[in-house]
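Generate coordinates for the entire structure from the input sequences, incorporating the hints supplied.
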Amino acid sequence: MMSHAVARTQQAAPSAAVPTLSTVGLTKRYGQHAALDSVSLDFLPGEVHVLFGENGAGKSTLISMIAGANTPTEGRVLMDGREVALGSVSAARAHGVRAVFQEFSLIPWMTVAENITLGEEPLAGPAPLQRVVGFLSKSGATAEARRLIDDLGFELDPRATVASLTRGKQQMVEICKAMRVRPRVLILDEPTASLSEHDARALFRLIRRLQDQGTAIIYVTHRMHEIPLIGNRLSVLRDGRFIATVPADTHEDRLIELMTGRNMEKVYPRPRADLGDVRLELRGVSLDHKPGVPDIEGIDLAVRAGEIVGIAGLVGCGKSNLAQACFGLRRIVSGEVLVDGVPLVPRHPADAIGRGLWYLPSDRKNDGLALELTAHENMILSGLRFGASRGEMLKPRREARQLSQVSRMVEFDGRRLGEPVARFSGGNQQKILLAKSLVQDVKVYVFDEPTVGVDIGACLAIYRCLADLSARGAAILLVSSNLPELMGLTHRMLVMSGGDIVAEFDRADYDEHRILEQFF
Amino acid sequence: MSAAQTNTDRPRPAMLWLSENRQILALPVMFVVALLVFAAAAPNFLSTDNLTNVARQSVYLLIVALGQLIVMITGGLDLSVGSNVSLTSVVSAMVMATVFAGNPDAPWLALWSGLVAGMAIGIAVGLVNGLGVTLLRIHPFMMTLGMSSIVFGLTLFISGGVPIYGIPPLHGEIFGFGRIFGLPIPAIVALFLVVLAYATLQWTRFGRHLYATGGNNRAAALSGVRTDRVTVVAYMMCGLLAALSGLLLTARLGTGEANIGGTLPLESIAACVISGVSLAGGRGRTLMVVLGTLLIVLVQNGLNLMQVGAYAQFVATGAILIFAMALARN
Amino acid sequence: MSAAQTNTDRPRPAMLWLSENRQILALPVMFVVALLVFAAAAPNFLSTDNLTNVARQSVYLLIVALGQLIVMITGGLDLSVGSNVSLTSVVSAMVMATVFAGNPDAPWLALWSGLVAGMAIGIAVGLVNGLGVTLLRIHPFMMTLGMSSIVFGLTLFISGGVPIYGIPPLHGEIFGFGRIFGLPIPAIVALFLVVLAYATLQWTRFGRHLYATGGNNRAAALSGVRTDRVTVVAYMMCGLLAALSGLLLTARLGTGEANIGGTLPLESIAACVISGVSLAGGRGRTLMVVLGTLLIVLVQNGLNLMQVGAYAQFVATGAILIFAMALARN
Amino acid sequence: QTTPWYPLPFDGKTVAGEEGRFDYTPLSASEKATKPWNICVSLPHMKDPFFLAMNYGMTEEAKLLGVSVQTFDAGGYAQLANQISQVENCVAGGADAVVLVGIAREGMENLLSELKAKNVPVIDAVNGVASKDTAARVLTSPRDEGFRAARYLAEKHPAGSEPVDIAWLPGPAGAGFVEAFNTGFQEGLEGSAVNVVETKYGDVGKEVQARLVEDLLQTHPDLDYVVGTAVMVEGALPLLRARGIQDRVKLVSIYTTPGVYEMMKAGQIEAAGAAPVVLTSRVILDQAVRVLENKLEYSDVGTLGQVYTKDTIGTLDPLSVLAPNGFRPDFAFRP
Ligand SMILES: Nc1ncnc2c1ncn2[C@@H]1O[C@H](COP(=O)(O)OP(=O)(O)OP(=O)(O)O)[C@@H](O)[C@H]1O
Ligand SMILES: Nc1ncnc2c1ncn2[C@@H]1O[C@H](COP(=O)(O)OP(=O)(O)OP(=O)(O)O)[C@@H](O)[C@H]1O
Ligand SMILES: [Mg+2]
Ligand SMILES: [Mg+2]
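Protein chains in written order, with the working numbering: chain P, 257 to 776; chain D, 24 to 353; chain E, 24 to 353; chain Z, 34 to 368.
Some clues are possibly wrong.
What the hints assert, rightly or not - Pairs of lysine to aspartate or glutamate residues, derived as EDC-like cross-links and limited to a Cα-Cα distance of at most 20 Å, are as follows:
#1 Z:K65 with Z:D129
#2 P:K621 with P:E359
#3 Z:K151 with E:E196
#4 Z:K151 with E:D72
#5 Z:K149 with E:D72
#6 Z:K165 with Z:E330
#7 Z:K165 with E:E196
#8 Z:K46 with Z:E330
#9 P:K699 with P:D596
#10 Z:K96 with Z:D129
#11 Z:K328 with Z:D56
#12 P:K546 with P:D756
#13 Z:K149 with E:E196
Unchecked claim - To give an idea of the interface, some chain D residues facing chain Z are shown, with a C-beta separation under 7 Å as derived from the structure:
#14 N67
#15 N76
#16 Q80
#17 G184
#18 P186
To be verified - Derived coverage of chain Z by chain D (criterion: at least 3 residues anywhere in the stretch with Cβ under 8 Å from a Cβ of chain D; other residues may be distant):
#19 243 to 253
#20 354 to 366
No wet-lab data here; the hints were simulated from the structure.
The beta carbon of each residue, even a glycine, is placed where N, CA and C say it ideally should be.
Below you can see the structure in the form of structure tokens.
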């Protein structure tokens with residue numbers, strides 16, 4: 257695997273070639289604060305150019321301006337050396353620039369096919385008629401969507417409603433959208449954030465194909481192990497400023513140093529050795545059937561105090577549903593969930609929380625945060641019932657103390673607590689979501705994709721938090737599609753496939769390949 | 024209940040199917056039930072004569088509701104439809120009257136100039152609404168509320184608070200009481216507009232973009248949809264439809280009236296919401312709106328024929344609306 | 024390694040500050056401008072006499088707007104406040120009248136029983152609204168619209184369409200025209216309620232839960248907030264506030280009237296929206312709503328004093344609303 | 034018009050308390066007002082010919098007297114609170130006297146006692162209010178209008194004669210003037226062969242009223258009369274004609290609008306009551322000035338309306354009832 261990646265970076269595209277697209281002193285200011293500060297970059301044909309940087313470094317901002325979703329305060333964008341105006345997304349598309357945005361741009365109530373073709377719907381009837389009234393061609397859309405999906409080797413039903421898909425699958429739809437026509441510049445902003453290894457590889461294969469066809473690809477990721485697999489060159493942003501461009505196979509520690517401006521090597525905290533007795537237990541749990549959800553039946557699972565148990569699996573294997581079941585969000589038709597040996601039958605999440613459970617949802621926007629409210633209000637919310645308020649009356653000072661503390665734990669800038677969540681970068685929103693679960697101490701944590709889109713530095717901090725929690729005797733169930741993370745953190749790992757737990761590994765015999773085999 | 028609410032995360036296909044079909048089933052059921060009840064309680068309810076009445080009476084609300092639907096799909100709403108109707112009524116009447124007075128031998132001329140003037144007004148009002156909502160980014164509620172106040176003021180200015188007389192009888196003979204193959208012309212017009220709206224929303228790219236804009240404005244924009252343009256056009260369509268309703272109403276009443284359509288805004292929104300149109304935008308079906316409107320008019324008509332007193336009618340109407348929603352909830 | 028170093032998100036870019044405060048600045052600016060204009064154009068606008076008028080007149084809308092605010096923060100709205108006011112007015116008047124007739128020497132008894140009855144009614148209406156919105160999951164628009172129709176019907180039933188008189192003069196003397204330290208009692212009541220609302224929204228857990236529920240219902244529920252309960256309470260509060268407004272109004276009129284408050288629903292929502300309360304829920308400031316309400320009343324009063332004709336007033340009011348929104352947009 | 038409108042006969046009461054029928058002669062016959070008083074007029078609304086006619090009459094008289102008149106539109110019959118606010122506002126704005134066309138009989142006590150305390154005289158106009166704190170009363174009350182129309186029918190179909198069925202559409206439920214219409218109407222019908230088969234309330238919008246009539250004709254196909262507001266009549270006539278039953282089902286309006294007047298002259302409707310709204314308004318303004326100048330002769334004035342038929346309509350001078358065509362209301366008249 258590694259060797260292969262190295263091989264690729266060897267024959268990286270010659271930097272002699274005219275850049276397909278280049279930015280000149282691109283700048284975006286929000287008031288005084290420069291989200292992006294005069295960044296000049298070249299993106300060469302057939303090159304995968306990785307953008308790397310902490311949360312809030314300005315990656316998405318840069319991308320959004322290239323893709324025409326955002327207008328620069330200063331600076332120009334050149335294509336083939338000529339300046340172009342990318343005023344709107346459609347304008348950018350006209351120049352062959354297409355993007356997968358970090359925040360999905362999907363219409364929930366439309367089908368996969370309708371979403372994929374949105375903005376460029378296949379029309380029916382003869383061309384002249386089409387110019388007058390654009391009559392849609394349903395069959396055309398479905399066919400188009402099928403083609404793309406098969407092309408990418410995803411498992412998606414063009415007729416499914418997007419609202420009914422998991423984040424992972426929605427991510428796939430996003431990718432299909434961008435692949436609609438062969439782009440000259442393809443922008444991928446954390447496309448694998450909620451994809452599992454396997455699906456990520458499908459994507460990589462496709463990227464290579466486009467690469468060979470001379471497409472310039474801009475790739476943003478926080479998953480360091482991907483970088484050498486796919487990248488040619490890598491540019492680091494920090495504080496919205498350009499730091500350096502290096503070959504993609506530069507050593508991780510060096511990259512982290514460039515990114516954070518200080519060197520810290522990437523080590524996972526050792527999971528604590530001694531385990532308490534069983535905190536969370538599932539006994540033969542079966543969930544009511546839901547179409548699109550693989551039936552989950554007769555699941556047995558136990559997490560002991562101080563233990564971190566991981567759940568891995570492909571997108572759509574049912575891991576999130578299982579997680580939700582633990583928290584009582586899915587109706588359980590048979591079997592039972594026990595907390596400290598006492599059955600848990602919550603009528604409302606409040607009951608589950610009351611019993612000492614906490615659930616971190618994978619869908620930040622819909623289930624996690626109120627975007628209009630401030631970071632402060634979001635974080636403290638559940639804490640209020642855990643002594644952050646004196647009965648009905650709030651205790652501002654105490655809140656402040658508590659929050660600055662958790663902010664530090666997740667490396668969130670405490671001075672921005674007063675800002676609405678909507679204004680934060682994707683990764684920082686994820687940190688807010690995480691902080692929410694750290695405000696109160698509970699016995700059992702169920703985390704669904706807790707580090708989606710969080711930068712390495714912060715990830716490490718979060719890993720330390722999880723370790724602390726387990727050290728303090730909490731039982732943690734960690735659902736993640738980031739295998740290295742699971743392998744680094746957990747005591748045990750369960751692999752799910754088609755709704756069943758198909759394999760269980762102990763930390764001792766973790767091995768990427770053997771685990772991946774179990775995915776199918 | 025709360026459990027159930029939180030149990031279902033983003034509805035999965037099955038739920039969707041059910042909830043949607045619940046929506047789709049609830050109304051017709053209500054509808055049929057209402058029909059039966061009234062038929063039983065009021066002898067001549069099912070008389071063709073009365074049914075034509077219902078058809079004719081629904082026309083004006085229906086046309087406005089179609090406009091409301093289009094705007095609501097984009098996630099907006101239009102509270103100015105009422106005053107829009109009054110203004111078009113008054114202005115078109117004035118134009119007709121003057122032109123007619125000018126040359127009484129050419130009623131057609133008067134008619135057309137009146138119609139054109141009316142529609143122009145409607146579109147203009149819609150345009151202003153649309154620009155306010157998109158360029159100035161004023162919330163539709165306030166924008167259209169403000170506009171309705173402004174437009175109504177203008178109407179009173181122009182009419183001076185009295186009806187406008189002297190429009191050519193031809194207007195009423197055709198668009199008020201005319202019939203083709205026994206079908207009242209207003210009803211035919213409405214039917215035509217329904218078909219048009221259906222086709223636009225279901226079969227055209229513009230329709231698709233309407234739903235996208237309402238479903239998630241930013242996402243639509245990121246997908247290359249010119250959401251602002253779409254929104255403006257939506258409001259203009261709504262304005263035009265309101266104007267058409269106003270013109271038909273004028274034909275029916277034989278005068279230009281400032282005091283009509285006061286209840287249209289809320290009624291039309293109600294007609295949409297009861298038909299499953301989401302106030303959040305992105306969802307709404309033409310045919311359901313037709314059914315919803317008919318239900319509302321039918322209830323009023325039925326209660327009248329049952330000789331239910333005015334007081335009781337308030338209670339009954341409200342109760343029926345709520346009941347319908349309770350059935351159709353998803 | 025403190026947060027500062029490791030996090031590249033800069034604290035509070037000025038622009039954010041501005042865009043936030045644009046909302047906050049726009050209204051006061053509008054307000055001051057209006058004051059100046061009217062003061063210049065209408066001589067006795069600033070007379071204490073007139074200003075007390077404004078204060079007294081704003082009370083009723085203000086109190087209702089506070090209730091509307093609470094409901095809107097949860098992402099709902101209440102169209103039934105108007106009929107709610109009528110019903111409380113009629114019922115409380117009846118109760119007072121009967122009790123007073125029973126024992127004319129104990130006006131206080133009559134007074135209290137009337138007040139209690141009124142508030143009970145208001146809360147009950149709110150409760151029904153809340154249950155409809157949560158248990159039956161009917162959209163607030165339809166639920167409260169239906170309720171307003173029902174409640175108005177009941178009001179007419181009870182009053183028979185005629186005013187209710189015979190309530191103890193004491194009521195009017197105290198809550199209608201009474202003064203403490205020269206301040207009209209209604210104004211004092213309103214002030215008290217404003218403080219109460221402010222404290223509840225800003226300083227209590229319930230307040231936080233309100234905002235959370237409106238901000239993202241599902242997220243709040245997953246964080247252990249019993250959103251349904253919160254919502255129901257919100258509607259009950261709104262009902263109670265409407266009732267209080269109705270009681271004060273009754274005191275002012277000296278009779279129970281069915282025909283008051285017809286415009287309150289839209290006016291109160293407008294007062295909120297103009298103050299930056301989001302119809303999507305989750306946002307809204309008490310003090311801004313006070314300002315917004317005052318602005319609306321002030322404009323009407325000012326235009327009256329400027330002897331602007333009724334027709335022109337429609338136009339002016341609408342234009343000012345839109346203008347204010349255009350300024351306050353973010 | 035050339036021939037003066039006065040002396041105008043009316044039923045009323047002198048300040049001395051003597052009741053009976055008198056003739057009214059305005060100050061403007063001989064003199065102007067001693068100073069340009071500010072008179073403030075509060076109307077329920079300015080959206081129909083009735084109140085337009087009032088505005089016309091008062092501004093005409095104000096011209097002659099040389100006083101200024103500011104007119105307020107409360108916004109409709111559901112706007113009691115607003116009307117009170119407006120009166121307060123215009124007093125704060127420096128009005129010398131107030132002409133109040135009350136939205137409701139009750140509910141004005143507190144306001145009026147306050148005005149009395151401020152000694153701003155109030156003329157209780159047209160609708161009449163319960164309060165005793167008014168300086169003078171000039172009424173053409175809706176109650177009388179209802180009564181007159183009813184009497185007309187009752188006399189046409191006295192008890193014992195062949196009974197007739199009528200439908201009665203007084204206007205929106207619960208509005209003050211509607212209840213007044215109703216009480217007067219019911220009173221007037223007593224002891225007659227007229228039988229009210231249904232009373233239908235509804236907003237006075239033409240389309241609403243037309244719809245109600247349509248539905249009524251369904252339930253009672255063989256009505257003899259449809260009686261109600263002018264708006265109803267204007268809306269109903271096209272319907273009846275479309276059905277070709279305009280001769281069988283007769284229309285009676287309890288007051289007059291330009292539309293009704295034209296229909297009367299065209300002989301398309303049976304009858305319509307008409308109060309001399311314009312003249313009454315002139316009297317109202319005159320009374321206001323008299324009060325201000327302590328020249329009041331009559332404390333109560335009730336102008337005499339009458340029910341016209343297609344035969345008698347010719348005798349009616351429209352300018353005594355209606356504003357001339359194309360008249361635009363003047364909300365702030367200054368001499
Ligand atoms: N609408 C906005 N208003 C104010 N500041 C903003 C806005 N959008 C983004 N920012 C700021 O711009 C900076 C860069 O954000 P950006 O989303 O580009 O970071 P990023 O590199 O994509 O981070 P992540 O890896 O978490 O996605 C952040 O500090 C963010 O707070
Ligand atoms: N809200 C939902 N509505 C309908 N189907 C859903 C929903 N959530 C998940 N599914 C379907 O159920 C299956 C399992 O969902 P689940 O979220 O547990 O999978 P997952 O492994 O967590 O996927 P992901 O990694 O994308 O979260 C997926 O095929 C998905 O399509
Ligand atoms: Mg980003
Ligand atoms: Mg998942």
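How the hints compare with the structure:
With a C-alpha separation of about 17 Å, the suggested pair K65 of chain Z and D129 of chain Z falls inside the 20 Å cut-off, and the hint holds. Our distance criterion of 20 Å between C-alpha atoms is met by K621 of chain P and E359 of chain P, whose separation comes to about 9 Å. For the proposed pair K151 of chain Z and E196 of chain E, the alpha carbon gap of about 17 Å is at most 20 Å, so the pair holds. Straight-line distance between C-alpha atoms of K151 of chain Z and D72 of chain E comes to about 11 Å, which keeps the hinted pair within the 20 Å bound.
This hinted pair checks out: K149 of chain Z and D72 of chain E have alpha carbons roughly 16 Å apart, not beyond 20 Å. For the given pair, K165 of chain Z sits about 18 Å from E330 of chain Z by alpha-carbon distance, which is consistent with the 20 Å threshold. For the hint linking K165 of chain Z to E196 of chain E, the alpha-carbon distance of about 18 Å falls within 20 Å, and the restraint holds. Proximity of K46 of chain Z to E330 of chain Z is assessed by CA-CA distance (about 9 Å); at most 20 Å being required, the pair is judged to hold.
Annotation: proposed proximity of K699 of chain P to D596 of chain P holds, straight-line Cα distance about 9 Å (limit 20 Å). With a CA separation close to 17 Å, the supplied pair K96 of chain Z and D129 of chain Z stays within the 20 Å bound. Between K328 of chain Z and D56 of chain Z the alpha-carbon distance is near 16 Å, which keeps this suggested pair within the 20 Å criterion. Straight-line distance between C-alpha atoms of K546 of chain P and D756 of chain P comes to about 15 Å, which keeps the hinted pair within the 20 Å bound.
Pair hint K149 of chain Z plus E196 of chain E holds up; C-alpha atoms about 16 Å apart against a cutoff of 20 Å. Checking N67 of chain D against chain Z: minimum C-beta separation of about 5 Å stays under 7 Å; hint holds. Because the smallest distance between the Cβ of N76 of chain D and any Cβ of chain Z comes to about 5 Å, under 7 Å, the interface hint for this residue holds. With a cut of 7 Å, the hint placing Q80 of chain D at the interface with chain Z holds, because the nearest CB-to-CB distance is about 5 Å.
The interface hint given for G184 of chain D holds, since its Cβ lies 5 Å from the closest Cβ of chain Z, which is under the 7 Å cut-off. Because the beta carbon of P186 of chain D sits about 6 Å from the nearest beta carbon in chain Z, less than 7 Å, this interface hint is met. By the rule of at least three residues with a Cβ nearer than 8 Å to a Cβ of chain D, the coverage given for the stretch 243 to 253 of chain Z holds, with 8 such residues. Check result for the stretch 354 to 366 of chain Z against chain D: holds, 5 residues qualifying (beta carbon to beta carbon below 8 Å, three or more required).
Figure legend: structure checked against the earlier numbered hints; every hint is met.
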